[in-house]
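**Student:** Residue strings, one per chain:
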Amino acid sequence: MSNPYLAVLKINIKGATAYKVDFALYTLFNMLKSLILIFVFYAVYQFSNVSTLNGITFSSIMIYFFVIGSMDYITGSAIAMTLQADIKEGSITNSLIRPISYISIVFLSTIPIDLLLFIFTTIPILVLIYLIAGIHLSGFIIIAFAIGILIAYIISNLLSFIVGSLSIYFVDIQGMLEGTIWITEILGGGIVPIMLFPKIISSVLMLTPFPFIIFVPAGIFTGIINANIINILIVGIVWVIILALISKIVWKRVSKNMNVVGV
Amino acid sequence: MENIIEVKDVKKRFKTYESGSGALGFFRRKNSWKNALNGVSFEVKKGEIIALLGRNGSGKSTLIKIISGILYPDSGTVRIFGLDPWKERIKVVKDIGVVFGSTHPQVFWDLPPIDTFKYIRDLYEINDKDYNKRLDELVKMLDLKEVYKRQTRQLSLGERMKCEIVAAILQMPKLVIMDEPTVGVDLPSRISITKAILNLRKKLGITFVMTTHVVDDIINSDRIIILDHGIKLFDGTQEQLKNKFDKIAILELYFTENMPALKKNYLKLGKVIESKEGYIKIEVKPDTIKSSAFMKIFNDKSIRDYRLSEPGLSSILEMAYKGIDKKFKKNKQ
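The listed protein sequences correspond, in order, to chains H and Y. Everything in the first sequence is counted per this note's numbering, starting at 33 for the first residue and increasing by one. Everything in the second sequence is counted per this note's numbering, starting at 797 for the first residue and increasing by one.
Treat the hints with care, since some could be wrong.
Per label pair, the in silico range of CB-to-CB distance [to be verified]:
1. K925/Y to I273/H: 40 to 48 Å
2. I175/H to N928/Y: 43 to 51 Å
3. E921/Y to A178/H: 30 to 38 Å
4. E884/Y to I281/H: 17 to 25 Å
5. Y37/H to K925/Y: 16 to 24 Å
6. S898/Y to P230/H: 56 to 64 Å
7. L64/H to K826/Y: 42 to 50 Å
8. S898/Y to A276/H: 36 to 44 Å
Residues of chain H clear of chain Y, computed beta-carbon distances all greater than 12 Å [to be verified]:
9. I68
10. T89
11. S92
12. I143
13. Y162
14. F172
15. G255
16. N260
Think of the hints as simulated: they come from the structure by calculation, not from any bench. Treat the numbers as computed from the prediction; the structure is a model and nothing was measured. Ideal Cβ placement from N, Cα and C applies to all residues, glycine included.
Make a model of the complete structure from these sequences and hints.
**Tutor:** Right under this line is the structure:
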């Protein structure tokens, strides 16, 4: 069946699986960061001689970091890198001449890889966590987690798209990209769960888009977030709408000022 | 005949930065504007092959990117197939094929070209019957039978460029835009690409616009457009370009000995283009042939051989570029 959108999806699945060993290694090494953070928190719990921190047990923290590790590719979108490379090297010209929008091409190029990672990494690890840790998952939690992970994925990609678009003005945005990754990790709950921050800080952070990328889906799955789930998800959806509008405005401005560096 | 491209008074400028001098030069950089196109106008009719010439930085690439709808002009109008390429982007790009040289390939590097061809088939919603027929014809035309199922990264530059052309033609566009399609390509591949372009124009009436520095590509074009400093300096056929320089002939003298004094006798015949051991190349006016100084050549025993010829296309272009430089310097003063 011929369809321009399916065509972009298909060719990117082929591209992503062209080097299968690299693909397998990527998924394996994704878990390393989680293991390190688990060791750090093990030390914190041991030396503080407490069984809970702000009501969170060590086993919850351990599950939390394993869940985060299983969805690392969601928190670190590659869209900004794609945009930077396309603009810096000038290869964007080939995409801008296609009968579908560049935005669609960029998003459809990342979705198949992430979908494969979701199927072959996230789902098996989450099933293992469920079986080994024996956490309670109701139908509501599963649906809320699925919505949360979708919101996380969209927000992460939209933020990455906005930062990536800036390469029109700055060409090399590696520094900005590193900054965004670290801000997302720190403010999003990638290093310390948001609940461990002082109440006032965690309340303010929950109004920003960052916790929706990491903390919210992992928190729902592990039970660290166990109240006001619907309200939290509504705030996440509002961020999706706001960031989608900003992306659209930014791209409109950017495409008018396109210089196509390196061509 | 229907106009495929209409470009009217197109202007485009880019912001550039100049670093200051010294260790803190980065912090003292100056913003400046570079005029890439300064009011360019031209039309292209259906089935024409246009060679877009000019030195690096003359505005060629900017112009073809504006025609393709990739860049927005600051002012002026562009119509492709009578449509606005930005307002009706999807409609326009469906009928445009592009080859942006070896630097920005569209054939996927890590996959065999056949996967790119199938991608193009789905992207442009080509039915299987048409796709198979077109692919067979193009593969035969460009001699790619043994090539297109191997991984692209393993192919030679010539083979990759031929695959780029297949990818640009598969959707059967009305217009194909090429940015230096034969640069660095081996001779057999270049001949094969040139033949394919002429064949496709003849069979399907496809219009080609290509930027090039390769004389063989220019010879096969119907019209030449020369850009420099963002201004269109010439728009016409090769004959018209030659006529601009028809008052010039090239005289080459081969001496038996390399004695500067011998050469000196002939320097006044015209403008010396090249001078090396035992050889001199002079640009002469046709009436010089009747002069007594010229007649001396026949009796001069120190001259082993001589040749009088019309300038070739590359010499004409060299003269044209030199003329452009003078004109530009004059305007600047």
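**Student:** All hints are to be evaluated individually against the structure, with a verdict given for each.
**Tutor:** Hints, verified against the model:
no., hint, in the structure
1, K925/Y to I273/H: 40 to 48 Å, "holds, 44 Å"
2, I175/H to N928/Y: 43 to 51 Å, "holds, 46 Å"
3, E921/Y to A178/H: 30 to 38 Å, "holds, 33 Å"
4, E884/Y to I281/H: 17 to 25 Å, "holds, 22 Å"
5, Y37/H to K925/Y: 16 to 24 Å, "holds, 23 Å"
6, S898/Y to P230/H: 56 to 64 Å, "holds, 57 Å"
7, L64/H to K826/Y: 42 to 50 Å, "holds, 47 Å"
8, S898/Y to A276/H: 36 to 44 Å, "holds, 37 Å"
9, I68, "holds, 32 Å"
10, T89, "holds, 46 Å"
11, S92, "holds, 42 Å"
12, I143, "holds, 16 Å"
13, Y162, "holds, 36 Å"
14, F172, "holds, 40 Å"
15, G255, "holds, 43 Å"
16, N260, "holds, 44 Å"
Going down the numbered hints, you'll see the structure goes against none, and every one checks out.
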